[in-house]
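> Construct the entire structure; sequences and hints are all you get.
As they're listed, the protein sequences go chains X and P. All the letters of the first sequence, read from the start, carry residue numbers 1 to 297 under the numbering used here. All the letters of the second sequence, read from the start, carry residue numbers 1 to 482 under the numbering used here.
Source of the hints: derived by calculation from the structure; they are not laboratory data. Please note that the accuracy of each hint is not assured.
Said to hold, decoys possible - From the structure, some residues in chain P lie toward chain X, with a derived Cβ separation under 8 Å:
1. V123
2. H187
3. G252
4. G367
5. I416
The structure displayed is predicted, hence computed values, not measured ones. By construction, the Cβ of each residue, glycine as well, lies at the ideal position given by its N, Cα and C atoms.
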Amino acid sequence: MFNIVHAEFLAPGIKRFLIQAPRIARKQKPGQFVIVRIYEEGERVPLTIENSDPQKGTISIVVQSLGKTTSLLNSLGTGDHILDVVGPLGKPSEIKKFGTVVVMGGGVGTAMTYPTAAALKQAGNRIISIVGARNKELVILENEMRAVSDVLMITTDDGSYADKGFVTDKLRQLIQNGVPIDLVLAVGPIPMMRAVADMTRGERIRTLVSLNPIMIDGTGMCGGCRVLVDGKSQFACVDGPEFDAHQVNFDVLVQRNGAYRSQERQSMAEYRRELESQLKSTEAEGNGVCVVKGSTL
Amino acid sequence: MTAPPKPSLNPVPVKERMKMPRQQMPEQAAELRAANFTEVNLGYSEELARQEALRCIECAKPACTKDCPVGVKVYEFVQLIVAGDFAGAAAKIREDNVLPAITGRVCPQEDHCEGGCLMGKKVKPLGIGYLERFVADYEQRMGVRNLPNVPPSGKKVAVVGSGPSGLTVAGDLVQKGHKVRVFEALHELGGVLVYGIPEFRLPKQIIREQLDYMRDMGVEFETDVVVGRTVAIDELLEEEGYDAVFIGTGAGLPVFMNIPGEHLNGVYSANEFLTRINLMKAYKFPAYDEPMLDLHGKDVAVIGGGNTALDAIRSALRLGARKAYVLYRRSETEMPARAEEVKHAREEGIEFHMLTSPVEFLPDGVGWLGAVRCVRMELGEPDASGRRRPVPVAGSEFEIPLSVAVIAIGTSANPIVQSTTPGLGTDKRGYIQADPETQRTSRKGVFAGGDIVTGSATVILAMGAGRRAAKSIQEYLTTGEW
Ligand SMILES: Cc1cc2nc3c(=O)[nH]c(=O)nc-3n(C[C@H](O)[C@H](O)[C@H](O)COP(=O)(O)OP(=O)(O)OC[C@H]3O[C@@H](n4cnc5c(N)ncnc54)[C@H](O)[C@@H]3O)c2cc1C
Ligand SMILES: Cc1cc2nc3c(=O)[nH]c(=O)nc-3n(C[C@H](O)[C@H](O)[C@H](O)COP(=O)(O)OP(=O)(O)OC[C@H]3O[C@@H](n4cnc5c(N)ncnc54)[C@H](O)[C@@H]3O)c2cc1C
Ligand code: SF4
Ligand code: SF4
Ligand code: FES
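Structure representation (structure tokens):
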């Protein structure tokens, strides 16, 4: 059982959790993740460790509600428990002085790039961060990213905040303006990572992406997380999650991530129904407290 | 090895015993069980057990015990069954085997105790596995506990991995008064016993009961710890004060075939397929959240001929598969699976295609598996394993339409512990090197055993290694000598 010390929404549907996990806090390095199982019937989902405090024995994760598991997780709050948290998993990001590094975060991907950006800054790199979100409300970690960046650029798809457009527009500008770039790190939705890879390939700019295949154990045991990189099978949980963007077969990733789409929809629909019926019954009782299955376990 | 007690407790004259038939294990009818996950074998009744026990001829040099990797005193526990002292029989087994309810179910007895049993030379061997299972289940049903009563030694031992090798080390050493803590990477304890072997062959409840027994003996467990990542071996020794470490991390990595189409949806490693079903209970989706492809009415094949392959395909059948094939590149005599499993699988309607090897997985046009292209094999000269090497027959390629394929051609060493423990010797395939007698590794105070040393083997061989390791850990802890 892992105690949630603190939980707060950063944006609608995006929540940050501070979790008591002393062993993990001591060992975490940027780029690594945990696998979380919320309750007995739950699945195991991977989540990047945003930060850790070895002294206090805590780690933080930032979670975006997508399907049932992340929605359920985001219904938990301070004082609740998570049944299993295991990690730190995956290869840590390579941290050294590259020169100028462009760090690109799309949506919740921003939280996933944050620890690596901070470590790269500390290692003496010039950090140009490009943070993208659908709209103003969904821009997260602005202050945190600013603190570790030499330059911070923000884009929103609808222009409701900062510059209208996509993170790739900013990258294109940097390239066109002849800004020397030694490394690009891009983390976000697959289409965004693919677009970045396509843009930097011709420019021969070394580019890393953090892949998000479906995982189970996270220790190399199941092979479910295999991705095709440079024509070879790699296990994202032990060989990654960061890979050379120019070698990644994104088509295979998209196809494999869609394997359980209908089951995922079914889970989410049933979860919604359950929530609604609970809401109705609590309304009827008039006590206004909503206890979600799993949240008290 | 002590000779059997004289006079015998068995009233039946030896000659008559040879004429008694081997008692059949009652089992669920094949048509029924092919559609459920309930255990296939139902277990002996007290009457059947006694009947079977009476057949033992009490050999002067009992090969049954000699051929059991942990040396269970078969003739002694069998005599206790004859005498009706089932609790005594359980205690007798436990002197050598801390997981009798499990070994009684999954040991390849034909290669060990029953393979050695003298009766087998003339008639059928004694049903030793069935009797062991009966006694262990009796013990559980009656809540019998044989708890250690020893003063604490003041020593601490860490066990990495909760598979049969680790559990054996833990069970043996806690009985010597040491403080033993087992670290497990997954959220459930038991290793392959929980994530690999399905419910219909080894109910998870049995494992839970055996684990409760170990907790009662004083063993501590910590799940969600990937040693090498969450904590290093050196940190266990230097910072957490453990006096010795046993590594029993198993042969966890799935081997793929490296043929085209392996990335198609519908192509699974056996580990993933079985983990989804057993560990994550995807067969109960949506009551459990982990999804599973819907196999109803689909054609499924497993590639391989071991226990893993049969467990996977029999699970697929239970999940509604229309056709369920085993594709194996050698012939049936070379199949490494337990004899009983092959028999059960066949009764359930699994189709076996021998001398068949896949060369390509073909897409259905929308990113899913649609068929497998295979080549026929013939047996050539014996290879390094002594088995005749299968060679492809030119021009024999053919296709089988398929929605799901499960690859069960073997596993390799998980490198996490090795790569994070400086100075730990490994062989060229990455398995940990350990002395076959003492299970000592190249690192002082660090022992290893089970599949991570030998490559994938069996539950009882892993337990045998655990036994030897426990013995030499005990020696090391008392003498301090390396
Ligand atoms: C290494 C890694 C780090 C990640 N870090 C974060 C993070 O910091 N914050 C965050 O919000 N999300 C992160 N993710 C993604 C997160 O794991 C998925 O969003 C989550 O598993 C979806 O679960 P669900 O039940 O809510 O949704 P589902 O209904 O299961 O699926 C919704 C979508 O998520 C994908 N998905 C489903 N199961 C998994 C799985 N086990 N692993 C990965 N993707 C899956 C599906 O393809 C689908 O597109 C990370 C993924 C990986 C692999
Ligand atoms: C599907 C299947 C069916 C089988 N059927 C039979 C059968 O019928 N009869 C038989 O005798 N044998 C059978 N076997 C083989 C048998 O299960 C194995 O030989 C045996 O379990 C090996 O035991 P072990 O203790 O070495 O390791 P395992 O059982 O593999 O256990 C290793 C444990 O260590 C954990 N671990 C790994 N790395 C770490 C780490 N870094 N930190 C912490 N924990 C870690 C793993 O999660 C696992 O729980 C079968 C195997 C499979 C896969
Ligand atoms: S442990 Fe296995 S090999 Fe040994 S006696 Fe029992 S069933 Fe036979
Ligand atoms: S070898 Fe067979 S008959 Fe002889 S003692 Fe052992 S179990 Fe009994
Ligand atoms: S998640 Fe199982 S091997 Fe990577």
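> Next, verify each hint and record whether it holds.
Each hint, compared with the structure:
1. The beta carbon of V123/P comes no nearer than 43 Å to any beta carbon in chain X, farther than 8 Å, and the hint placing it at the interface is violated.
2. A cut of 8 Å between beta carbons decides the hint on H187/P: the least distance to chain X is about 4 Å, and the hint holds.
3. Evaluation of the G252/P hint against chain X yields a held restraint, the C-beta minimum of about 4 Å falling below 8 Å.
4. Checking G367/P against chain X by beta carbon gives a least distance of about 4 Å; that is within 8 Å, so the hint holds.
5. The interface hint given for I416/P is met, as the beta carbon of that residue sits about 7 Å from the closest beta carbon of chain X, less than 8 Å.
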